[in-house]
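Protein sequences appear in the order of chains F and C. Each residue of the first sequence is one higher than the one before, starting from 1 at the first, in this note's numbering. Each residue of the second sequence is one higher than the one before, starting from 1 at the first, in this note's numbering.
Don't read these hints as lab results, they were simulated from the structure. Each hint should be verified, as a subset may be incorrect.
Any copy, or any two copies together, can satisfy a pair, since identical chains are not distinguished.
Calculated lysine-lysine pairs in the BS3-like style (CA-CA distance at most 30 angstroms, straight line) [as the list claims (entries may be wrong)]:
| no. | residue 1 | residue 2 |
| --- | --- | --- |
| 1 | K70 | K355 |
| 2 | K433 | K22 |
| 3 | K433 | K231 |
| 4 | K444 | K9 |
| 5 | K221 | K433 |
| 6 | K341 | K70 |
| 7 | K22 | K280 |
| 8 | K122 | K17 |
| 9 | K177 | K355 |
| 10 | K163 | K174 |
| 11 | K188 | K433 |
Spelled out, the chains give:
Protein chains: 2
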Amino acid sequence: MLELADLSKRLARETFKEVWPKLVIEMGECQREARAAGAPVVILFEGWDAAGKGTLINALSQALDPRGFKVWPVSAPTEEARLRPWMWRFWNMLPAAGAFAIFDRSWYGRLMVERLERQVGKKVWQQAFQDILEFERQLADSGMVIVKLWLHISRKEQARRFKRLEADPVTAWKVGKAEWRQSQQYDKWLKAAEEMIERTGTACAPWTVVEATQDRFARVKVFETVIQAVKRGVDAAKARKAEAKPSAAPQMSRVAAPTILDRVDLTQSLERADYEKKLKKLQERLFRLEHELFLARVPAVIAYEGWDAAGKGGNIRRLTQGLDPRGYEVVPIAVPSAEEKAHHYLWRFWRAIPKAGHITVFDRTWYGRVLVERVEGFCSEAEWRRAYREINEFERQLTGYGTVLVKFWLQIDKEEQLRRFNLRQQTGYKQWKITDEDWRNREKWDRYEAAVIDMLEQTSTSYAPWTILEANCKLHARVKSLATVADALEAGLARRRG
Amino acid sequence: MLELADLSKRLARETFKEVWPKLVIEMGECQREARAAGAPVVILFEGWDAAGKGTLINALSQALDPRGFKVWPVSAPTEEARLRPWMWRFWNMLPAAGAFAIFDRSWYGRLMVERLERQVGKKVWQQAFQDILEFERQLADSGMVIVKLWLHISRKEQARRFKRLEADPVTAWKVGKAEWRQSQQYDKWLKAAEEMIERTGTACAPWTVVEATQDRFARVKVFETVIQAVKRGVDAAKARKAEAKPSAAPQMSRVAAPTILDRVDLTQSLERADYEKKLKKLQERLFRLEHELFLARVPAVIAYEGWDAAGKGGNIRRLTQGLDPRGYEVVPIAVPSAEEKAHHYLWRFWRAIPKAGHITVFDRTWYGRVLVERVEGFCSEAEWRRAYREINEFERQLTGYGTVLVKFWLQIDKEEQLRRFNLRQQTGYKQWKITDEDWRNREKWDRYEAAVIDMLEQTSTSYAPWTILEANCKLHARVKSLATVADALEAGLARRRG
Chain F
1 MLELADLSKR LARETFKEVW PKLVIEMGEC QREARAAGAP VVILFEGWDA AGKGTLINAL
61 SQALDPRGFK VWPVSAPTEE ARLRPWMWRF WNMLPAAGAF AIFDRSWYGR LMVERLERQV
121 GKKVWQQAFQ DILEFERQLA DSGMVIVKLW LHISRKEQAR RFKRLEADPV TAWKVGKAEW
181 RQSQQYDKWL KAAEEMIERT GTACAPWTVV EATQDRFARV KVFETVIQAV KRGVDAAKAR
241 KAEAKPSAAP QMSRVAAPTI LDRVDLTQSL ERADYEKKLK KLQERLFRLE HELFLARVPA
301 VIAYEGWDAA GKGGNIRRLT QGLDPRGYEV VPIAVPSAEE KAHHYLWRFW RAIPKAGHIT
361 VFDRTWYGRV LVERVEGFCS EAEWRRAYRE INEFERQLTG YGTVLVKFWL QIDKEEQLRR
421 FNLRQQTGYK QWKITDEDWR NREKWDRYEA AVIDMLEQTS TSYAPWTILE ANCKLHARVK
481 SLATVADALE AGLARRRG
Chain C
1 MLELADLSKR LARETFKEVW PKLVIEMGEC QREARAAGAP VVILFEGWDA AGKGTLINAL
61 SQALDPRGFK VWPVSAPTEE ARLRPWMWRF WNMLPAAGAF AIFDRSWYGR LMVERLERQV
121 GKKVWQQAFQ DILEFERQLA DSGMVIVKLW LHISRKEQAR RFKRLEADPV TAWKVGKAEW
181 RQSQQYDKWL KAAEEMIERT GTACAPWTVV EATQDRFARV KVFETVIQAV KRGVDAAKAR
241 KAEAKPSAAP QMSRVAAPTI LDRVDLTQSL ERADYEKKLK KLQERLFRLE HELFLARVPA
301 VIAYEGWDAA GKGGNIRRLT QGLDPRGYEV VPIAVPSAEE KAHHYLWRFW RAIPKAGHIT
361 VFDRTWYGRV LVERVEGFCS EAEWRRAYRE INEFERQLTG YGTVLVKFWL QIDKEEQLRR
421 FNLRQQTGYK QWKITDEDWR NREKWDRYEA AVIDMLEQTS TSYAPWTILE ANCKLHARVK
481 SLATVADALE AGLARRRG
């Protein structure tokens, strides 16, 4: 495949002088169109050492309005990154709607340098193929334009460039043992590059091989490739906008009683004395587990979803009461900010996941996509339907890294909710907790219920099962949730040790 | 001073049971009031190892709505932090308007552990007193509530707690050599703590010593201290809001012609042929300097301010054209985002400063405070008047770290601006660059001029002088700016080496 690339391709100076200024202007226009259409653009440069990534990225930077792009040089992961699933750092680099992100090397490092220099094992880089395909599909589905460039030069040309860099004291440091090793093992790298390009070149994120022997030729090809991709992306964004009417009347689940929620036994309860005793024991156990987690560098995510007034907050307070605050964080999920809205909906959750050894408790979660966003029509039907798979992929990446993941649904019935709403309204210092919106949501109980059932059915996986908390009795729900967390943490620790 | 603390203070269980629930409710109310008033709150815990910071922070966390606070455990700086001025990481942790930030240890680590364990030299920790005083004054001036708590226990009590922790396998790791060293050198630490409290206890950010022998007593004192401070802060915020009318008619500078701007010789110019030659040479020189900077780990900040259409963009493009994109970043400064508006105005600039070895070019800067914000009445007169000093302090911290700082003012006259505006409107692909706002700003030329003159006079310091670029001739301005940057980088490298 790569051997078919014609590395002798050149462009005459005259032709270049004619074409180039037009491309520069066109690139600027492209950027403004992408901004207007709200389409984010990712351009990533991979290729041989000394193939000219720096020069080409600079040419691109010059043509773009600096208010709208960012260059990300990607090298070995920092400690912060190594303490999280490997895709975490790339999620953090993604552009907002309408912005460009230019990657100088990228997530493909795992399939090239990390693989070939044996920085990761075979299982890890093989898994990376799947992770990358899922990642890019999720981004493309959300409207991201993805341009992937492989800068290609011959082994001979590379060696010539290395020697030129070495001859200059200012650039000599750029050529070290690793670079010459790549030259010596050119064929091995070539094979890996071909496998990478073949297996990850998809319709939504295709590779373009850029013959980079001559700078002029490479520049023009890079610019033309980017311009065409962005134009297609802008057209697609406009088409999507024209089509996308939020599903005004969200789909109801097929009426198949008894549903999974009907089978929940809400009569379960616990006496206060019994509760106090059990709670104390569980909190002591959790305190010890938190410390063991830290020592073993195991991360944990505890996710709470449930009806309004089902008792999420009180439950979380009991969970964290006995913990060391340096080891956990509670992340409440509210309406997304403007910045968050300008990104993929999973972006803010990727940013908030715990590093190894720490616990993050989410008070509401990424399931908002298939609950409130679905029911209120904040996203299109295609979007929330797609979200089940995206969420499962997200949770697989978390747990694949060794994260303990516990997901709670707090179930109460409609009468109990009414009782609690009224109670809140009567108790002075609790009044702020009940708003008109809560009452409005209550009117949509049936539609929410349908969404909950779909959610439980579609996202209960072997690696991330749901736990339903029977929460008509708060005491029962609290004790059950703390016990569930403690058991899950213990199991996670055992997995790490075993 | 600390020897006067009565470490035998206790609270009877009965009293506690009566007081505590009220304090918890009051704390929640406090938080909601702070949010409503938009007052950010910083609570920092310093004190002896094993004094109970964790327990107290957790008690505080339980009482607060998790949507409104964040706990920051502060330990040794990461590599990312060490590559920047030391206050950078704390600026990054500051709460937005209405939010709480709880620090488990803080910037005072420099005056305690870093000083006493000799992790930094005497010059460094002595400088820290000034840095901290300036930092806290800047925050307090902007309406931040700052609560500083020193948790105090006796040497005997500390040793007792160490032994208890050691006896439990889950907590044993918390007591190591460093902890026992603190116990052995209790008196030395005590002296340092006293010096710290004396020299940094200010009216705007006072210290409170918390006698922490008994948990019950400490809890109540911490809660009462925080509640009182927040209440005072909320009252102050309300008072400020009532007073603060933006200076509708911004102050004009005293008419003292000829001003510094009148003395600028705008007839300076350069022929194109000469320009091309000089530009090429300078770009080559800058390319080499960029690499030397990287190798020597010297950071650089290049700041561009100037009239609309004075040629900032073109100037920056020539500066960066020849550089390696991995070594520099252009940060364009536009209207602050909602998140940025919720913070101190310097916050977004602190976040954007380069790490050691890198160059950041600012296209417009922190001087917006004393230019557009002053003239347009986006801030109060007190605020922009205070800003000169704040900016000088900011720049002293940058350059104190070894950052090369170059500040450009691009000066053109009113006629030249008109010529360029018209030209932009006539040239198809440049039309997007000229907006109605540009024309509106132009009408306020005199008021802007007064602000520019004040700015140049008040913020040209020995460590961060302004360079005025005579920009009626773009070619002259470009060559002068590139030469100025090159000279400054060379001088900075020489300082690092010398």
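Handout entry: Homo-oligomer pair classification [K22, K433; C-alpha up to 30 angstroms]
Key = between (59 angstroms within a copy, 18 angstroms between copies)
Exercise for the section: Please work out whether the CA atoms of K341 and K70 approach to 30 angstroms or closer within one copy, between two copies, in both situations, or in neither? Expected result: both (19 angstroms within a copy, 22 angstroms between copies)
Practice task
Tell me, please, which holds for K188 and K433 at an alpha-carbon limit of 30 angstroms: within, between, both or neither?
Solution key: Classified as neither; 62 angstroms inside a copy, 49 angstroms across copies.
Practice task
Measure nothing new, just compare the shortest in-copy and cross-copy C-alpha distances for K177 and K355 to 30 angstroms and report within, between, both or neither.
Solution key: between (33 angstroms within a copy, 26 angstroms between copies)
Practice task
Measure nothing new, just compare the shortest in-copy and cross-copy C-alpha distances for K122 and K17 to 30 angstroms and report within, between, both or neither.
Solution key: So K122 and K17 fail the 30 angstroms test inside a copy (47 angstroms) and across (60 angstroms) alike.
Exercise for the section: Up to 30 angstroms between alpha-carbons, please classify K433 paired with K231: within, between, both or neither. Expected result: between (48 angstroms within a copy, 21 angstroms between copies)
Handout entry: 30 angstroms Cα threshold - placement of K174 relative to K163
Key = So K163 and K174 pass the 30 angstroms test inside one copy only (11 angstroms; across, 53 angstroms).
Practice task
Give the relationship of K444 and K9 under a CA distance limit of 30 angstroms: within one copy only, between copies only, both, or neither.
Solution key: neither (64 angstroms within a copy, 55 angstroms between copies)
Handout entry: Within, between, both or neither, where K70 and K355 count as close if Cα-Cα is 30 angstroms or less
Key = Answer is both: 25 angstroms inside a copy and 16 angstroms across each meet the 30 angstroms cutoff.
Practice task
Could you place K22 and K280 in one of the four classes (within, between, both, neither) given a Cα distance threshold of 30 angstroms?
Solution key: between (72 angstroms within a copy, 23 angstroms between copies)
Handout entry: Intra/inter-copy verdict for K221 and K433 if alpha-carbon distance must be at most 30 angstroms
Key = between (58 angstroms within a copy, 28 angstroms between copies)
Checked against the numbered hints listed earlier, the structure breaks hints 4, 8 and 11; every other hint is satisfied.
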